[in-house]
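Produce the complete structure using the sequences and hints provided.
Residue 162 in the working numbering sits at position 162 of the sequence shown, and the numbers go up by one each step.
Certain hints may be false.
Stated by the list, open to error - Listed below are the simulated SDA-like cross-link pairs for lysine to any residue, each with C-alpha atoms no more than 25 Å apart in a straight line:
| # | residue 1 | residue 2 |
| --- | --- | --- |
| 1 | 144 | 67 |
| 2 | 85 | 33 |
| 3 | 66 | 163 |
| 4 | 85 | 182 |
| 5 | 201 | 17 |
| 6 | 66 | 196 |
| 7 | 66 | 119 |
| 8 | 66 | 178 |
| 9 | 37 | 49 |
| 10 | 66 | 78 |
| 11 | 201 | 74 |
| 12 | 37 | 163 |
| 13 | 37 | 58 |
| 14 | 85 | 178 |
| 15 | 144 | 16 |
| 16 | 201 | 49 |
| 17 | 85 | 197 |
Stated by the list, open to error - Distance windows between CB atoms, simulated:
| # | residue 1 | residue 2 | range |
| --- | --- | --- | --- |
| 18 | 202 | 16 | 17 to 27 Å |
| 19 | 88 | 153 | 27 to 37 Å |
| 20 | 56 | 157 | 17 to 27 Å |
| 21 | 160 | 206 | 38 to 48 Å |
None of these hints come from the bench; they were simulated from the model. Positions of the beta carbon are idealized from the N, C-alpha and C atoms, including for glycine.
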Amino acid sequence: MDTLSFALLCLTSFFTLTNPLGTMPVFLTMTQGMTEKERRFIVTRATLTAFIIIMVFTFAGQFLFKFFGISTDGFRIAGGFIIFKIGYDMLQARYTPMKLKDEEIKTYANDISITPLGIPMLCGPGAIANSIVLMQDAQSMELKSILIGSIAFIYLLTYFILRASTRLVNVLGETGNNVMMRLMGLILMVIGVECFVGGVKPILLDVLAESYQGLPS
1 MDTLSFALLC LTSFFTLTNP LGTMPVFLTM TQGMTEKERR FIVTRATLTA
51 FIIIMVFTFA GQFLFKFFGI STDGFRIAGG FIIFKIGYDM LQARYTPMKL
101 KDEEIKTYAN DISITPLGIP MLCGPGAIAN SIVLMQDAQS MELKSILIGS
151 IAFIYLLTYF ILRASTRLVN VLGETGNNVM MRLMGLILMV IGVECFVGGV
201 KPILLDVLAE SYQGLPS
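Okay, here's the thing in structure tokens:
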């Protein structure tokens, strides 16, 4: 694979899997009532958390999976459950404006910036699996550098998209924000189902293959 094709593959796949546009409604609804400074802190922490996690798995993913006996398929199944639950809550408009005390805001911001925004929204099982596979395909230092640069670029772009999303509150209004939240919640539920099926399918195929081999000839 030439460098240009590999770079396009890295950029398109990670942007799709990171899905900053799909994360916008979650971020907007969960940070209603917060100041711009508090939102900026959440965006920065979430994108940094996601970037660090994805880089760890990029360089050490295969080792960690083997060490802990974790399969990518199992990771996809768990991630699918989490994403589906988030999407369902958004579809039911469960994310409502929260009035927090000053001493509670920092703890709340720390919590949501890591989960669900950082993980699994910006760094889900799909993105992690993609980074491991692409790192295996990158045989040269040039391709490895392209992969790392592409990941860094996508998360930098994600940071600016989420930062700009705070301005959409005034543009969309309450009705528009609720409509977008429900629509993206439905899309997230579909993504969660796809992620779950993507993990279950190979496991079922392996079980069927083993059962078939165990049948008497």
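Index of numbered hints that the structure contradicts, given in increasing order: 3, 8, 13 and 16
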